[in-house]
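> Each residue of the sequence shown is one higher than the one before, starting from 501 at the first, in this note's numbering.
So the derived label-pair ranges between C-beta atoms look like this:
#1 V774 to A532: 54 to 60 Å
#2 Q760 to G560: 45 to 51 Å
#3 V544 to V774: 53 to 59 Å
#4 L697 to G598: 36 to 42 Å
Bear in mind the hints are in silico, worked out from the structure with no lab data behind them. The C-beta atom is built at its ideal place from N, Cα and C for all residues, glycine as well.
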Amino acid sequence: MAPATTPPLPPPDAFGDDILKRLAEREADGRADDIETLAGTLEVPKDRLTRAIEQLARDGWVVRAESRYELTEPGRVRGRHLLRSHRLLETRLARETGLAPEKWHATADRAEHKLTPEAANALADALGNPRFDPHGDPIPDRDGRFSPATAPMLLDWPEGHPAFIVHLEDEPPALYANLHKAGLAPGTTVRRIGRTLDGVQIEADGRTLTLSLGEAGLVHVAAPAAGRASISRRRLADLAPGGAGVIAGLAPVIRGRARQRLLDLGLVPGTSIVREFTAALRSPIAYRVRGTLVALRREQTEEILIEAGEAKA
Numbered sequence: 501m502a503p504a505t506t507p508p509l510p511p512p513d514a515f516g517d518d519i520l521k522r523l524a525e526r527e528a529d530g531r532a533d534d535i536e537t538l539a540g541t542l543e544v545p546k547d548r549l550t551r552a553i554e555q556l557a558r559d560g561w562v563v564r565a566e567s568r569y570e571l572t573e574p575g576r577v578r579g580r581h582l583l584r585s586h587r588l589l590e591t592r593l594a595r596e597t598g599l600a601p602e603k604w605h606a607t608a609d610r611a612e613h614k615l616t617p618e619a620a621n622a623l624a625d626a627l628g629n630p631r632f633d634p635h636g637d638p639i640p641d642r643d644g645r646f647s648p649a650t651a652p653m654l655l656d657w658p659e660g661h662p663a664f665i666v667h668l669e670d671e672p673p674a675l676y677a678n679l680h681k682a683g684l685a686p687g688t689t690v691r692r693i694g695r696t697l698d699g700v701q702i703e704a705d706g707r708t709l710t711l712s713l714g715e716a717g718l719v720h721v722a723a724p725a726a727g728r729a730s731i732s733r734r735r736l737a738d739l740a741p742g743g744a745g746v747i748a749g750l751a752p753v754i755r756g757r758a759r760q761r762l763l764d765l766g767l768v769p770g771t772s773i774v775r776e777f778t779a780a781l782r783s784p785i786a787y788r789v790r791g792t793l794v795a796l797r798r799e800q801t802e803e804i805l806i807e808a809g810e811a812k813a
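Model the full assembly from the supplied sequences, consistent with the hints where possible.
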């Protein structure tokens, strides 16, 4: 007699997938959400979430554990696949499109349900099998394994000590958008310099920024390694007319084609750059690079980091 086979579970709908993905994410972090917390995170009424998660339990994707629900093994496999798909899709959007970073999450949310494991693996291969997404979140491997990176929050980092951003939470989207507009991204070097009644002050790329407590709570940091980006770097936009500097790099916030366009102009680390003159409407701005005048839009100069000094021969 042939061994009995287990019939496949009824596939979840898109909302059911969202629940499985969130449970898998929290499980990987060693944490769990009760119904009320999960409803708040997913921004849905508690009764709608309750109906959906009870259906997932009937279908075999989750089991109840006191006031919480836990993933079954099929639920864990599905949830981690969705996490992998979502973070790979965000990586592709960051590298290959000009889509605004605050739109990556929602765009990946819509597409992740359509990605089969085979398609996700093909996407990973095309991207070079990245280990982390643009926010610094770890991407599960093709077997669903990963070791989530843990890093202290900026709120807990001692004042006066430099750090570099290793992870930005992308929810709530409005707060994440504020961080991106301020030029903060994984890889940015920062230093806490003060505290206000409702936020913190930091120095980043030569500028002083004030973040609300909510915004600062999305930022995770670590101590910079020896030789890592100096806190003395500033933005090319702040270079005065006639001023000179040496390109230190491009801001981590710029990605994909926009980044490549600047590199193609010769704006690579170690290159001397001099601000020559500004158009009547303040943009574009002319800079001398390797003996050639290069015109840059104001917003492009916000994405180029410089240091004082002479370029190496």
